[in-house]
Amino acid sequence: MEIKITTEIDDHNAMAIKEILSSYNVSHTTHLSDCINESLEITLVEEGEVIGGILGRSLWGTLEIQNLAVKESHRGQGLGKKLMLAAERVAVERNCKYISLNTFSFQASDFYQSLGYEIFAEEKDYPLGYSKIYLRKVLI
Numbered sequence: 613m614e615i616k617i618t619t620e621i622d623d624h625n626a627m628a629i630k631e632i633l634s635s636y637n638v639s640h641t642t643h644l645s646d647c648i649n650e651s652l653e654i655t656l657v658e659e660g661e662v663i664g665g666i667l668g669r670s671l672w673g674t675l676e677i678q679n680l681a682v683k684e685s686h687r688g689q690g691l692g693k694k695l696m697l698a699a700e701r702v703a704v705e706r707n708c709k710y711i712s713l714n715t716f717s718f719q720a721s722d723f724y725q726s727l728g729y730e731i732f733a734e735e736k737d738y739p740l741g742y743s744k745i746y747l748r749k750v751l752i
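With this note's numbering as the guide, the letters of the sequence shown map in order to residues 613 to 752.
It is worth saying that the hints were derived from the structure and are not from the lab.
Using N, Cα and C, we set each Cβ at its ideal position, and we do this for glycine too.
There's no promise every hint is true.
With a straight-line Cα cutoff of 25 Å, these simulated BS3-like cross-link-like pairs (lysine-lysine) come out [said to hold, decoys possible]:
| # | residue 1 | residue 2 |
| --- | --- | --- |
| 1 | K694 | K749 |
| 2 | K709 | K694 |
| 3 | K630 | K616 |
| 4 | K709 | K749 |
| 5 | K694 | K630 |
| 6 | K736 | K749 |
| 7 | K693 | K630 |
| 8 | K616 | K683 |
| 9 | K693 | K616 |
| 10 | K683 | K694 |
| 11 | K693 | K683 |
| 12 | K744 | K709 |
| 13 | K709 | K693 |
Cβ pair distances, simulated, as ranges [what the hints assert, rightly or not]:
| # | residue 1 | residue 2 | range |
| --- | --- | --- | --- |
| 14 | E614 | E659 | 50 to 60 Å |
| 15 | S651 | G728 | 23 to 33 Å |
| 16 | I752 | I629 | 26 to 36 Å |
Sequences are here, hints too, so could you generate the full structure?
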């Protein structure tokens, strides 16, 4: 047995690691087999160009927002709110009880809180000098 460390991700190794974790997770979540576990992409398109969007997934009754962005030239127009409301509609359609996400203290914590998301954890000094903030909203 040996431990190998590299900065390059090998697709074959990544698939093997994900399969090990997936098998373990499935063995502990069989009671959640009726949950809709799917990826999510919501995009804002203007004249054929993506100007913003959300990437995420629903898993085991929670919709996780992994990325949300709006081009700087289009901020301040309520587009982020429209994206989040669209994500909430999808979450309800997928019978999710929660939406969760994280943001950094220099990003959009106040924005999410204005939409009803509550901070449930904060990882201080990540990145150095800032915090990573974890938020969640109850839907059902």
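Evaluated hints:
no. : hint                       : in the structure
1   : K694 with K749             : 16 Å, holds
2   : K709 with K694             : 20 Å, holds
3   : K630 with K616             : 17 Å, holds
4   : K709 with K749             : 9 Å, holds
5   : K694 with K630             : 33 Å, violated
6   : K736 with K749             : 21 Å, holds
7   : K693 with K630             : 33 Å, violated
8   : K616 with K683             : 39 Å, violated
9   : K693 with K616             : 44 Å, violated
10  : K683 with K694             : 14 Å, holds
11  : K693 with K683             : 14 Å, holds
12  : K744 with K709             : 23 Å, holds
13  : K709 with K693             : 20 Å, holds
14  : E614 with E659: 50 to 60 Å : 53 Å, holds
15  : S651 with G728: 23 to 33 Å : 24 Å, holds
16  : I752 with I629: 26 to 36 Å : 33 Å, holds
Violated hints, listed in ascending order, are 5, 7, 8 and 9; each of the other numbered hints is respected by the structure.
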